[in-house]
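For reference, the chains in residue letters:
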Amino acid sequence: MRRFLRAAALIVFAGLVGAPVIHAQGSGSTTLDATIKRGQLLCGVAGTTPGFSLPDSQGVMQGLDADGCRLVAAAVLGDANKVKFVPTTTQNRFTALQSGEIDLLVRGTTWTLAREGNLGLMFAWVIYYDGTGFLVKKATGVKSAKELDGATVCVAPGSTTELAVADYFRLNNMKFTPILIQDITEIRGAFLSGRCDAYSTDASALATFRFSQGPKADELLLLPDIISKEPLGPVVRKGDDKWFDVVRWAFAASITAEEKGITAANVDSFMESKDPDVRRLLGAESDMGKALGLDNKFAYNIVRQLGPIGEMWDKSITPMGVPRGINNIWTKGGLQYAPPLR
Amino acid sequence: MSQATIDSRLISDRSAPRRPLRLSWSDPRFRAIVWQVVILGGVAAIVWYLIDNTSRNLASRHIATGFGFLGRTAGIPIGESLISYNPALDTYGRALVIGVLNTLKVSVIGVVLATILGTLIGIGRLSKNWLMARLTAFYVETIRDLPLLLQLLFWYTILQGLPAPRNALSIGGVVYLSNRGLKLPTLNWESAHDATLLALLAGAVGTWWWNRRARLRQEATGERPAVWPVALALLVALPAGIWAILGAPFQWDIPALRGFNFQGGTNISPEYFALLLGLVIYTAGYTAEIVRSGIQAVAHGQWEAAGALGLKRGHILRHIVLPQALRVIIPPMTSQYLNLTKNSSLAVAIGYQDLVSIANTTLNQTGQAIEGIAVIMAVYLTISLSISLFMNWYNARIALVER
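Those protein sequences? They're chains A and B, same order as listed.
For the first sequence, the residue numbers in the working numbering are 1296 to 1637.
For the second sequence, the residue numbers in the working numbering are 10 to 412.
Each hint can be trusted.
The following label-pair restraints were derived from C-beta to C-beta distances:
1. Asp1609(A) to Asp262(B): 52 to 58 Å
2. Asp1444(A) to Ala142(B): 50 to 56 Å
3. Arg81(B) to Thr1343(A): 30 to 36 Å
4. Ser1564(A) to Phe163(B): 57 to 63 Å
DSBU-like cross-link-like pairs, simulated, lysine-lysine; straight-line CA separation at most 35 Å:
5. Lys1555(A) to Lys1377(A)
6. Lys1432(A) to Lys114(B)
7. Lys1470(A) to Lys114(B)
8. Lys351(B) to Lys1470(A)
These are computed hints drawn from the structure, not numbers from a lab.
Yeah, the Cβ is synthetic: ideal placement off N, Cα and C, and Gly gets one too.
Please work from the sequences and hints to get the whole structure.
Here you go:
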């Protein structure tokens, strides 16, 4: 119902408030200007996914997605803590971004053609190279997704998982009964109670969900089959290219820092580095930050406060028992590769 | 006061002489026309501005528009459907039709059950039996005070607590109850069954006709021909005879556990059942009060007066009290039917794929929120207006005709 109201609100919003927003777009990047003026980044997250975004016992949002928001805040505002986290669901996330309720969406969202083509969105980077997997109870005796013929599968509606699962069963000539529940707590409850034989979503989320079960984690089995490509990354609205650049290069800087072996602890010692790449990255020479409309030390601010992307991973994902694999930087056999900052 | 009170001929005689319309502010008719034009124009301008501005903003944000997506292959999985659906071949349009049917499936059955349960509880609250009156009062006061969403989640959680298919509760080895739902056997449908059904229908029409004839005869002569032998022949013997002539096919499709779940038969899913249960129990709390107020609105003197005329108790209830009570009951009941239908959109919370659930998935996959919401609104408007029209017609039929 809330989602319904939100979408209805978008209609009114697009009609009433839309016009002034469009008119103001002459000044470079409205989103960047508004964020700096506000002194706070409005960042959409799930707020319910351990390892990606979940408030800790102090109420502080923790996880890789949350740190993705902080990374952009550090680049734009110089302070990683100047983020307001806005909880979103799989169904209202795009509406929230399109209507301007949030500046940036970092919510394990898969980069697809239709989303860029139809939804007026742009994916600035890939934070996590993921894929759809299945979680089952060990008691069912299932060892492979191919054995799931006739199974009942819990899936979140409005996600790419929904389509990937339908495609997979179709491709393998198998039948399944979908149970589509929007609320993540409800859908997990349905899986744990045995209403569904399998729970399907991004393998990363399954691994962290399994981990969050504590001692009962051993009763659950993550099937080895990964049935789709799910590159997850930060999303911005179309039509604000400068803001898109800011988000993209903030992430690229974080990866470049890891390539160069810079960490939060040793970044100050790199300020005297002779390596021109490092000097450009940390703002010791050239005007890389200015070109984006940021402070030249934007990358320094990111690394000083959050470390390079590898440190963010080690803090949030490694404790969940997920190996870095293809998400490592390219020099270590992974896919993370940043274009040169020059 | 109804129109029939005053003779229309008298009105025309009494009305003031017609004056020509003057283009002056002092002419009330001219003023009225000017105001109507201004207000109508204002509304039209606002609507035009909203539509134009929305479409311009959507275009500038590179968001696709139009209803072309209805013809595209859906690819979205749907759990339960009254018509066949294949995500690989069928379109978003068909998926939405399934959503509408699923909404109707829960609303129509919900309205019927809520009326029956509400009536029973409403009558129960008037009972002279202390326990019965207290229990039903407790029901009404509790159910009305708890949010519906909470109740739905409650019922859904309860149903999830049922055993897994492997340990399903079995009734005679043909009906199984598990956390996958209630599995019922179905009859293997053959053409002989079509013919039997047709014969039954024809029999019903024939019985109705015979009953009518009997009533007319009774009114004319005071003699009432027996109806039951004809009814028995037409309603039982005729269909049974045709069924027997066509070979008496009778094959059940009995559910059996294979793999993860029961195969064969038909299934009532926990999602559907939880939604139906929640809606019926919640709405019955309100309809019970409506029924109670309706019955109490009929003065006790009516019973006594009818009794004095020598009418039987059943006749008093049917011909005197109920028609008057219904006049009080029907208008608020219409609101409850509309509420139940609209409340069925809470289905998304417990995973029943009603119209809102499927339309939301559609608008999420296609990104066309405005069109998706427009479809939802159009469908609910159509369903609600249909209910209103029917109930208003029924209300007019039973309304007290004043003279």
